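Visitor: Letter by letter, the chains look like this.
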Amino acid sequence: MSVLEQLGTLDIGTNEEVDETLQRIADEEAKVNERLESLLAKQCQIEAKMSGIGRSLSLLHTVDSDSNKLNDQIVNTAQLAESVSAKVRRLDLARCRASECQQRVHDLIDLHLCSQGVVKAIGEEDYEKSATHIARFLAMDQQLLRRTADDVQGSLTSVSDAVKTLEDATEKTRVLNAKRFDEAVKADDLASVERFFKIFPLVGCHRTGIEKFSLYICQKLANKAQKELRNAQDIAKAESRLQLAYADRLTAILENFARVVEVNQPIIEAFYGQASSSLIDMVSILQHECDTEVKNLLMEFNKNRQIQYRSKQVNESTQRSAGGGNLGSNSIQALGHYRKPSGGSVDKLNPKEIDAIIAEITVMHARVHVETCVPEKEQLDIMERYEKIMKNSDLRRQMQEILSTYLLLERYFMEESVLKAIGLDTYESGQQCSSMVDDVFFILRKSIRRALTTQSINGTCAVINNVAACLDGDFVSALKAPLKSGYPSGYIDLAQAYNAIQTTLQQGKLHSSDADRGRANFLVQLNNADISTEYIETLCQTMEQEIGGTFPQTTPVERQMLDSCLTELKAVRDALKATVDFGMQQLRSSVIKPRLNPWINQFLNYSHNLNEEELAAYEAGETFVQFFIVQLDGLLNSFKNSLSPRNYDALVSILATEVTIQLERAIKKISFNRLGGLVLDQEVRALGSYLTGATSWSVRDKMTRISQIATLLNLDKITELSEYWNPENNKEMSTWHLTPNEVRTFLTLRNDFRIEDIKRLQL
Amino acid sequence: MEDYKFLFKIVLVGNAGVGKTCLVRRFTQGLFPPGQGATIGVDFMIKKVEVEGEKIKLQIWDTAGQERFRSSTQSYYRSAHALILVYDISCQPTFDCLPDWLREIQEYANSKVLKILVGNKTDRDDREIPTQIGEEFAKQHDMYFLETSAKEAENVERLFYEIAAELIGQARSKDGSSSAAAAAAQRQSEGSSIGLGSFSAKAAQSNCCGGLASGGSNSSQGG
Numbered sequence: 001m002s003v004l005e006q007l008g009t010l011d012i013g014t015n016e017e018v019d020e021t022l023q024r025i026a027d028e029e030a031k032v033n034e035r036l037e038s039l040l041a042k043q044c045q046i047e048a049k050m051s052g053i054g055r056s057l058s059l060l061h062t063v064d065s066d067s068n069k070l071n072d073q074i075v076n077t078a079q080l081a082e083s084v085s086a087k088v089r090r091l092d093l094a095r096c097r098a099s100e101c102q103q104r105v106h107d108l109i110d111l112h113l114c115s116q117g118v119v120k121a122i123g124e125e126d127y128e129k130s131a132t133h134i135a136r137f138l139a140m141d142q143q144l145l146r147r148t149a150d151d152v153q154g155s156l157t158s159v160s161d162a163v164k165t166l167e168d169a170t171e172k173t174r175v176l177n178a179k180r181f182d183e184a185v186k187a188d189d190l191a192s193v194e195r196f197f198k199i200f201p202l203v204g205c206h207r208t209g210i211e212k213f214s215l216y217i218c219q220k221l222a223n224k225a226q227k228e229l230r231n232a233q234d235i236a237k238a239e240s241r242l243q244l245a246y247a248d249r250l251t252a253i254l255e256n257f258a259r260v261v262e263v264n265q266p267i268i269e270a271f272y273g274q275a276s277s278s279l280i281d282m283v284s285i286l287q288h289e290c291d292t293e294v295k296n297l298l299m300e301f302n303k304n305r306q307i308q309y310r311s312k313q314v315n316e317s318t319q320r321s322a323g324g325g326n327l328g329s330n331s332i333q334a335l336g337h338y339r340k341p342s343g344g345s346v347d348k349l350n351p352k353e354i355d356a357i358i359a360e361i362t363v364m365h366a367r368v369h370v371e372t373c374v375p376e377k378e379q380l381d382i383m384e385r386y387e388k389i390m391k392n393s394d395l396r397r398q399m400q401e402i403l404s405t406y407l408l409l410e411r412y413f414m415e416e417s418v419l420k421a422i423g424l425d426t427y428e429s430g431q432q433c434s435s436m437v438d439d440v441f442f443i444l445r446k447s448i449r450r451a452l453t454t455q456s457i458n459g460t461c462a463v464i465n466n467v468a469a470c471l472d473g474d475f476v477s478a479l480k481a482p483l484k485s486g487y488p489s490g491y492i493d494l495a496q497a498y499n500a501i502q503t504t505l506q507q508g509k510l511h512s513s514d515a516d517r518g519r520a521n522f523l524v525q526l527n528n529a530d531i532s533t534e535y536i537e538t539l540c541q542t543m544e545q546e547i548g549g550t551f552p553q554t555t556p557v558e559r560q561m562l563d564s565c566l567t568e569l570k571a572v573r574d575a576l577k578a579t580v581d582f583g584m585q586q587l588r589s590s591v592i593k594p595r596l597n598p599w600i601n602q603f604l605n606y607s608h609n610l611n612e613e614e615l616a617a618y619e620a621g622e623t624f625v626q627f628f629i630v631q632l633d634g635l636l637n638s639f640k641n642s643l644s645p646r647n648y649d650a651l652v653s654i655l656a657t658e659v660t661i662q663l664e665r666a667i668k669k670i671s672f673n674r675l676g677g678l679v680l681d682q683e684v685r686a687l688g689s690y691l692t693g694a695t696s697w698s699v700r701d702k703m704t705r706i707s708q709i710a711t712l713l714n715l716d717k718i719t720e721l722s723e724y725w726n727p728e729n730n731k732e733m734s735t736w737h738l739t740p741n742e743v744r745t746f747l748t749l750r751n752d753f754r755i756e757d758i759k760r761l762q763l
Numbered sequence: 001m002e003d004y005k006f007l008f009k010i011v012l013v014g015n016a017g018v019g020k021t022c023l024v025r026r027f028t029q030g031l032f033p034p035g036q037g038a039t040i041g042v043d044f045m046i047k048k049v050e051v052e053g054e055k056i057k058l059q060i061w062d063t064a065g066q067e068r069f070r071s072s073t074q075s076y077y078r079s080a081h082a083l084i085l086v087y088d089i090s091c092q093p094t095f096d097c098l099p100d101w102l103r104e105i106q107e108y109a110n111s112k113v114l115k116i117l118v119g120n121k122t123d124r125d126d127r128e129i130p131t132q133i134g135e136e137f138a139k140q141h142d143m144y145f146l147e148t149s150a151k152e153a154e155n156v157e158r159l160f161y162e163i164a165a166e167l168i169g170q171a172r173s174k175d176g177s178s179s180a181a182a183a184a185a186q187r188q189s190e191g192s193s194i195g196l197g198s199f200s201a202k203a204a205q206s207n208c209c210g211g212l213a214s215g216g217s218n219s220s221q222g223g
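Just so you know, the sequences run in chain order A and B.
Residue numbering for the first sequence follows our numbering, starting at 1 and increasing by one per position.
Residue numbering for the second sequence follows our numbering, starting at 1 and increasing by one per position.
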């Protein structure tokens, strides 16, 4: 807003107003002056900048002209380069053509040479030379050759002539080579065979060559196998390896095949090319022959060893025993009848398993071999083909069949041998268990070991399963049978019974009463079951190690399969433990309980209301606990030598439990005074230390409750209880096994404690 | 210790080519791989499932149907909790062999093992064995019955889940406290195999069998 406009709007009627306006205008003026001054102050800065810009402007002109010049130069250079490279390209093309031309000329010269050489070579029967010529010819581009022939038609007709000659020669050589090869085969001239075999790839007949050569090898192998077949029997007889004759022969066959592949592999690679599938072709043909060969062998094997007849017998016998129903005595009696076939087959099991191993090992060996020679990256399809050949081969199938036979016979052998071991069970004096435990586990171990040597995970799993079944079935029921009938509790004293057993054992024959025999048998089987649990653990442990050694490279699934089967075997241990427990319960009800009863009843005859004199008299005479310990000692001693350590410990533990229960019951029936409580406490301590000393196990645990009862009854004053009751007051005391109500009940047994005081207790 | 409460072993048996491997693959991997080669010996798969709020590990043993593997596959029967006997509804011979299979099961398996008869390949339209015939056979021999198609994934899950549920029921009734049952199941000791027996199998079986059998007829009506 200009000052004039301001003036127009202002009211200047009065003096004051005029003054005021003047003042305002003066202010405005001052402000304007100020602004002007500040603008003027910038003038020289701006001028300096302007001059700077002016100077740069002239510089920029030079830059512009320079860059234009540069641009021109670059364009020139580019044009130059373009023309040069075009020339180079043309040159290159020309060079290519020239070399192609040269090649063609070379080809033509070679062609000429070859056509001449071939005729000459064929004439001279120099097959290698002619084949080399032909190979050279085949390496040429046939179409190109023909075109060349067309191009130069008229001037050089000999080109097409040469081609024709060579084509004829190729055909001729092929036929001739095949003929010569066949002749060589017929003449069994290995050197010639190899010579012509090497020519096949030169004349472009890879497939034919391989086929012919493989057939030749097959023929050779067949002959060899036959020769060996004749010799094998004699050699085996001479080296007393008759039962291994078939295994030896199988090994020989497979080794021959493996060797042939190994020997010919470098030749084939050298002459037929590394990347070609020739080797695989050969292997597949050979595999076929190998299958036939093995099949023949196995047929003979089956025939000679009467495998079918034996399997049939085995099957029949299992069916019979299954139909018979109750195992036990029946099958044991029948053992004698079965023994003949099984006795024979025991020896015979060896060749089969060894067959299987060797077959497996050799096949693996051959496979590993081929795998290493075939470059892995590009040759996946070939590998797959190879795997397929191996997988579908008759050999594999036959091995499966033989494994099946093996499993059948192995199971039969195992089951029958175990039954036999059970049937022939004997025990000697001084031994805690009888012969069958060692025998049975020896057999099972042998079976499993043998299964491992088959190198077959499936086979091993099956045998482990069978072992578990065998233990769980026949073996456990054999152990359990005498335990089920219980421990015969005759009227004679146990010590006597034990002596009777000892004498019978010493005399080596059983002529004492059935009860004695039953008792001895009971204890022996109880020990057998106990020892067996240990044996199973050992068996599993060694198995795991051996499996790790036999199958170092298992897949996770295979590992799981093996583990699962082993778990199954370990589970049998639980069955055995259950058997032991079962037997222990029998002992408890037929030995411990009835024996303890009268002894504990004695306790009631001893008064626990004593004064000082009576106490002295009591301690001078035979105390209850002395009597009791003597009795217990007698009882335990009668078992100590005839039970295995673990079983004995278990017996002591059961005894301790039973003693505390019955003693507690007896305590509740009588009343105590202060001195009576003292006596009881002493008695319980004595009992505790006796039982603890009787076993390596700690039975202290079982004594806790009864000791606490004794402590209660041994209190001086009822108020003392608080010292014991609170655990923080007394660290030695373990936690109370008694409920507050029980504590009150037991305290009432002290006839000098007042009911009101007991009721008043803060528990 | 892994976090499952029960471990059950299920063994599949039946003639070669009835689709045992496909059933197992379908269930464990959700695949139907056609053109599978014959199983060699025994194959082994594990699948963890949750049934009735319990975590369960199913150990499935897929056996080879071919005769030459028989002596190795038989050895797995004893420890099985459930045996699935499979036939091909479009192949009469596979059905005709069932009595032989039952004889084998009788001989080698636990007598109280859970047995399930399965007619596989319901997707095929050249059916030779009517559902009813299979059902009757199952009833006669005290087995459950179900028709499945591994290709169409029909009744496959159901087959295994019902087995799991039934086995849980048996394990629980055998042993009041389920934790102890788990321990027993894990060890697969004789305890568990005996336990299956002590369970009053008849009632539960007929109960569950009814369910499964009706399921079978439903599916046939659907088809």
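These are computed hints drawn from the structure, not numbers from a lab.
Just so we're clear, the structure is a prediction, and the values are computed from it rather than from any experiment.
Incorrect hints may have been included.
As the list claims (entries may be wrong) - Mimicking DSBU-like on lysine-lysine, the simulated pairs with C-alpha atoms at most 35 Å apart in a straight line are:
1. Lys577/A with Lys57/B
2. Lys112/B with Lys227/A
3. Lys420/A with Lys57/B
4. Lys577/A with Lys5/B
5. Lys174/B with Lys47/B
6. Lys198/A with Lys55/B
7. Lys484/A with Lys151/B
8. Lys484/A with Lys112/B
9. Lys47/B with Lys577/A
10. Lys577/A with Lys139/B
11. Lys112/B with Lys174/B
12. Lys480/A with Lys112/B
13. Lys480/A with Lys151/B
14. Lys212/A with Lys57/B
15. Lys55/B with Lys577/A
16. Lys570/A with Lys174/B
17. Lys570/A with Lys55/B
18. Lys5/B with Lys212/A
19. Lys151/B with Lys446/A
20. Lys484/A with Lys47/B
21. Lys69/A with Lys42/A
22. Lys57/B with Lys570/A
23. Lys570/A with Lys151/B
24. Lys151/B with Lys577/A
25. Lys115/B with Lys484/A
26. Lys115/B with Lys151/B
27. Lys577/A with Lys48/B
28. Lys112/B with Lys420/A
29. Lys186/A with Lys5/B
30. Lys48/B with Lys593/A
31. Lys640/A with Lys717/A
32. Lys179/A with Lys224/A
33. Lys420/A with Lys179/A
34. Lys57/B with Lys120/A
35. Lys139/B with Lys5/B
36. Lys446/A with Lys55/B
37. Lys570/A with Lys47/B
38. Lys668/A with Lys759/A
39. Lys174/B with Lys480/A
40. Lys57/B with Lys151/B
Visitor: Next, verify each hint and record whether it holds.
Guide: Status of each hint after checking the structure:
1. Lys577/A with Lys57/B: holds (26 Å)
2. Lys112/B with Lys227/A: Violated - the C-alpha atoms of Lys227/A and Lys112/B are around 57 Å apart, more than 35 Å.
3. Lys420/A with Lys57/B: Violated, because 39 Å separates the two Cα atoms, which is more than 35 Å.
4. Lys577/A with Lys5/B: This hinted pair holds, its Cα atoms lying about 23 Å apart.
5. Lys174/B with Lys47/B: Roughly 24 Å between the alpha carbons, so the hint for Lys174/B and Lys47/B holds.
6. Lys198/A with Lys55/B: violated (67 Å)
7. Lys484/A with Lys151/B: Distance ~53 Å between Lys484/A and Lys151/B Cα, so the pair is violated.
8. Lys484/A with Lys112/B: Between Lys484/A and Lys112/B the Cα gap is close to 23 Å, so the pair holds against 35 Å.
9. Lys47/B with Lys577/A: Holds: Lys47/B and Lys577/A sit about 31 Å apart, inside 35 Å.
10. Lys577/A with Lys139/B: violated (38 Å)
11. Lys112/B with Lys174/B: Satisfied, since the Cα-Cα distance of roughly 13 Å is no more than 35 Å.
12. Lys480/A with Lys112/B: holds (21 Å)
13. Lys480/A with Lys151/B: violated (49 Å)
14. Lys212/A with Lys57/B: violated (57 Å)
15. Lys55/B with Lys577/A: holds (29 Å)
16. Lys570/A with Lys174/B: holds (22 Å)
17. Lys570/A with Lys55/B: Holds - the C-alpha atoms of Lys55/B and Lys570/A are around 24 Å apart, at most 35 Å.
18. Lys5/B with Lys212/A: violated (64 Å)
19. Lys151/B with Lys446/A: Since the Cα atoms of Lys151/B and Lys446/A sit roughly 45 Å apart, the hinted pair is violated (cutoff 35 Å).
20. Lys484/A with Lys47/B: Status violated; Cα separation ~40 Å.
21. Lys69/A with Lys42/A: Judged against 35 Å, a Cα distance of about 41 Å means the pair is violated.
22. Lys57/B with Lys570/A: holds (19 Å)
23. Lys570/A with Lys151/B: The hint is violated at about 39 Å.
24. Lys151/B with Lys577/A: violated (47 Å)
25. Lys115/B with Lys484/A: holds (31 Å)
26. Lys115/B with Lys151/B: holds (23 Å)
27. Lys577/A with Lys48/B: holds (30 Å)
28. Lys112/B with Lys420/A: The given pair, whose Cα atoms are some 29 Å apart, holds under the 35 Å limit.
29. Lys186/A with Lys5/B: Given that 35 Å is the threshold and the Cα spacing comes to 73 Å, the pair is violated.
30. Lys48/B with Lys593/A: violated (49 Å)
31. Lys640/A with Lys717/A: Measuring from Cα to Cα gives roughly 43 Å; hence the hint is violated.
32. Lys179/A with Lys224/A: Given pair Lys179/A, Lys224/A holds - Cα atoms ~24 Å apart, limit 35 Å.
33. Lys420/A with Lys179/A: violated (67 Å)
34. Lys57/B with Lys120/A: The hint is violated at about 80 Å.
35. Lys139/B with Lys5/B: Distance ~31 Å between Lys139/B and Lys5/B Cα, so the pair holds.
36. Lys446/A with Lys55/B: violated (39 Å)
37. Lys570/A with Lys47/B: Holds: Lys570/A and Lys47/B sit about 23 Å apart, inside 35 Å.
38. Lys668/A with Lys759/A: holds (18 Å)
39. Lys174/B with Lys480/A: holds (22 Å)
40. Lys57/B with Lys151/B: Holds, at about 24 Å.
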